[in-house]
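Sequences are here, hints too, so could you generate the full structure?
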Amino acid sequence: MAAKSTTPDTGATDGKKSNVSKDELLKYYREMLLIRRFEEKAGQLYGMGLIGGFCHLYIGQEAVVVGLEACTKEGDKRVTSYRDHGHMLACGMEANGVMAELTGREGGYSRGKGGSMHMFSREKHFYGGHGIVGAQVPIGAGLAFADRYKGNDNVTFTYFGDGAANQGQVYEAYNMAELWDLPVIFVIENNGYAMGTSVKRSTKSTSLYGRGLAYGIPGEQVDGMDVLAVKAAGEAAVAHCRAGKGPYILEMMTYRYRGHSMSDPAKYRTREEVEKMKAEKDAIEHVRDLLLGAGLANEDELKAIDKQIKDVVNASAEFAKESPEPSVSELYTDIYA
Amino acid sequence: MAIDVLMPALSPTMEEGTLAKWLVAEGDAVKSGQIIAEIETDKATMEFEAVDEGIVGKILVAAGTSGVKVNEPILRLIEAGEDANAAPAPVAEKAVAEKAVAAKAAPAVAASTSAAVAVVSKASPDWPAGTPMKTMTVREALREAMAEEMRANPNVMLMGEEVGEYQGAYKISQGLLDEFGPKRVVDTPITEMGFTGIAVGAAWGGLNPIVEFMTFNFSLQAIDHILNSAAKTNYMSGGQLGCPIVFRGANGAAARVGAQHSQDFAAWYASVPGLKVVMPYSAADAKGLLKQAIRDPNPVVFLENEIMYGQSFEVPDLPDFTIPFSKARIWREGTDATIVSFGIGMRYALEAADLLAKDGISVEVIDLRTLRPLDYDTVLASIQKTNRCVCVEEGFPVASMSDHLASTIMQRAFDYLDAPVITCTGKDVPMPYAANLEKLALVTTAEVVAAVKSVCYR
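From first to last, the protein sequence lines are chains A and B. So the first sequence is residues 1 to 337, counted in this note's numbering. So the second sequence is residues 1001 to 1458, counted in this note's numbering.
Quick caveat, the hints were computed from the structure, so don't treat them as lab data. Ideal placement from N, C-alpha and C gives every residue a C-beta, glycine not left out. It cannot be assumed that every hint is accurate.
[Unchecked claim] In silico lysine-lysine, BS3-like type, Cα no more than 27 Å apart, as pairs:
{"no.": "1", "chain 1": "B", "residue 1": "Lys1183", "chain 2": "A", "residue 2": "Lys245"}
{"no.": "2", "chain 1": "A", "residue 1": "Lys73", "chain 2": "B", "residue 2": "Lys1439"}
{"no.": "3", "chain 1": "A", "residue 1": "Lys150", "chain 2": "B", "residue 2": "Lys1183"}
[As the list claims (entries may be wrong)] Short derived list, chain A residues pointing at chain B, Cβ under 8 Å:
{"no.": "4", "residue": "Ala146"}
{"no.": "5", "residue": "Met262"}
{"no.": "6", "residue": "Pro265"}
Listed below in structure tokens is the structure:
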């Protein structure tokens, strides 16, 4: 992976000179582990037929959203694609509500009417959850447009993948975001594959962040498997936006361990490639090594966290199984506000 | 040989204009390509260039004259030493051709004057009896609606192509930039999908955007955001994320602009749950319904018509009035048959009703005004009275609003029908450019008259 961090001032990326605190590392560890265990459970429930339709797991990419959420303040907004479970957990939405939406139950964030790809939380400023590849990009710019109109310093995090990066509306949004100095961070989660098509098979312009330069938008490529690198780059991008300098692009070099969706046999890549990434770049193992290596935590502490997370996830699965299906009267509610 | 310069048509729908200013005087020499006058259309003030060379022999229409018809002689060019009062040469071949085109270009009912249309109805209108009325065009009504709502709510803003500095491609937003500034009247690049997505995001972010599509033909570039982002999200979010946004602009056929610029999207958008769809006919409805649309917490598709922009109607002279959605208006009461229409289709409906009255057939004319949610009750009540129905619209026939109405009437009022419902729609062809073919492709008043006679077995 040819990732580089262009924000070396923190010195945090290799963990050696890190001045990151124990609490901060433990927070990242906990949040990333929650996403991974949650997604593993979702995969299990899908296999049991409790989750239907499309289900896109975020396993492998946890450092991206956890690192960027660490840069946010109250009022900041986020919007993403259909691979959205991790983003919801990271911004503080409840595991119970997310899991119950996956099972299509009344206790879900959309009361069972949205599903895996369509969850929202006004309270947490999470605006979905979008199933049309790339559509969330101008929407994210629009959320930022509203904040700029109102004159506050909120920032919108607009996540999309390397596949969406080839959609025309992404560049329409870039053009207007820079033209109007919108406070939006375009986060390209480049996991190497748009469903089954690798970046190299879909474009010769593989430096995806670089495309923003044509519109005058600064950007950089970041090691998206390193939560500290993500955090450092995110802070610089946020500062740029809050200062009224317009949009910023972060291309997060990351990797998804599972298929595109539950029904993806992933024949387009080798088992060796996946195993190598897990062994050498895993985001959670990286933080675990930092914690243990620097003597900031011991095995027992981490085991206790693992158990807490497991309990939260198991409870969400129970909640999602026990929550009733929506009442049939819900068929005709919420069509209009 | 003297040459008469004729009043030019400066837009596809122009029938007359104001001769704002002469830039030449009698006796001046004029060169080909020289700007000789400023002519004001209902959309803009345009410079008018001379085609022929000569000396200005006589100015035939004084500066400041309004209501000058297209192809009326406005200036006589003569050669040196020629008498300015000499009879002009036979009108050049080109001018004849233009005249013929202009005459045919007008849609079947476009010949009707732009004088205010009277309501022949005892049905109560949407404002109190005795309300003072003023005459205004649909264009002015739309502009007033936006301006009033922008004054009332600082989160209402307008975005689209040429809405600001250009003053609107069809002059609907004229003056709004001056009053509200560039923060609230936002000129966008030509990028429909992008700015529509941005507007949806802005609506979720707490604004009340009005998105102007220069015409609804271009909304196809953005239809994903109208349907998948704006219309469906309230449902998909379990009621958390309504989208207070208005998509408005010219819809349907204008005149002689070809297939890509002449489509009526009423039935397309009306088929989508989560959208509200409005298609006004009169200026009063345009104003009251647009104000209602801007206040509505849902996405509203507001379908206007370029040919209607310059038409005048009586509008209540009230500081603030709205017209509720889902409430049809009975324009004309009748007993023998019901015509249901909306938007520009109402012109054919009302004209047909006038003609049929002369034949002793009493027609009730219903303007749906809102296409979703639709006022079925008013339609069904009328059919229970007249037992006959003709539906009229300019859109394509397949899967049309008329088809939906006919199906609903059959399912809900079959026993009341004395004849099958007839639909009068645009023809099942892409809009042709040729003037004669275009006229045939649209619905005609004659077709509506024939359909009503048919359901009345006359």
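Hint check results:
1. B:Lys1183 x A:Lys245: 17 Å, holds
2. A:Lys73 x B:Lys1439: Outside the cut-off at roughly 61 Å; violated.
3. A:Lys150 x B:Lys1183: Holds, because 10 Å separates the two Cα atoms, which is no more than 27 Å.
4. Ala146: 3 Å, holds
5. Met262: 20 Å, violated
6. Pro265: With a minimum Cβ separation of about 28 Å from chain B (threshold 8 Å), the hint on Pro265 (chain A) is violated.
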